[in-house]
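> Sequence:
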Amino acid sequence: MMSFYTCLIVMLGGALGTLARYVVSVLTGPYSRMMPWGTILAVNMVGSFIIAFFGTLTLAGGRYPVSENMRLFVMIGLCGGYTTFSSFSLQTLDLLRIGAWGRALLTIGLSVFLCVGAASVGHVLASRLNHHAIMVAQADIEEEV
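In terms of the UniProt record's numbering, the sequence shown opens at residue 1 and continues consecutively.
Rather than coming from a laboratory, the hints here were simulated on the basis of the structure.
Ideal Cβ placement from N, Cα and C applies to all residues, glycine included.
Do not rely on the hints blindly, as some may be mistaken.
[To be verified] Derived DEER-like restraints, expressed as beta-carbon distance ranges:
hint, residue 1, residue 2, range
1, V112, V26, 21 to 27 Å
2, L93, Y31, 17 to 23 Å
3, T18, V66, 19 to 25 Å
4, L129, A100, 38 to 44 Å
5, V26, P65, 33 to 39 Å
6, L19, L90, 17 to 23 Å
7, G109, P30, 22 to 28 Å
8, L27, V124, 26 to 32 Å
All chains, please: the whole structure from these sequences, using the hints.
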């Protein structure tokens, strides 16, 4: 059941994730002129690793279980504010609009491959810390969306 407190927890996580995203974007801007490397590597790939690693490690049966509110704070709030694929989509569209089809396809391929790969590595590492227990890392609330 959604409560006001839970909404505040998710909102705070989202605000911190958004601030982190802004800082990373500013810091990686000089390296992202031809390709959106900051979005691909520093945001989407790292965020994909974090959400899978944390999600797996902190399950009720995991090595470091945390409350559902903490999971919502990190996985939906923090990671949701940090890893927006809306930026990926807009940057890819801009590449397509200027006729840079090769760079657009490379952006799509790298984003999907590296982010799913990072999520897989995060899940495997956390599963090992959970004594090789295979569990679903997704927060319960995400299944309803």
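> Next step is simple, just say for each hint if it's right about the structure.
Structure-based check of each hint:
1. V112 with V26: 21 to 27 Å: Taking Cβ atoms as reference, V112 and V26 lie about 25 Å apart, which means the hint holds.
2. L93 with Y31: 17 to 23 Å: holds, 21 Å
3. T18 with V66: 19 to 25 Å: holds, 22 Å
4. L129 with A100: 38 to 44 Å: holds, 41 Å
5. V26 with P65: 33 to 39 Å: holds, 35 Å
6. L19 with L90: 17 to 23 Å: For L19 and L90 the Cβ distance comes to about 20 Å; the hint holds.
7. G109 with P30: 22 to 28 Å: The hint (22 to 28 Å, Cβ to Cβ) holds, given that G109 and P30 are roughly 24 Å apart.
8. L27 with V124: 26 to 32 Å: holds, 29 Å
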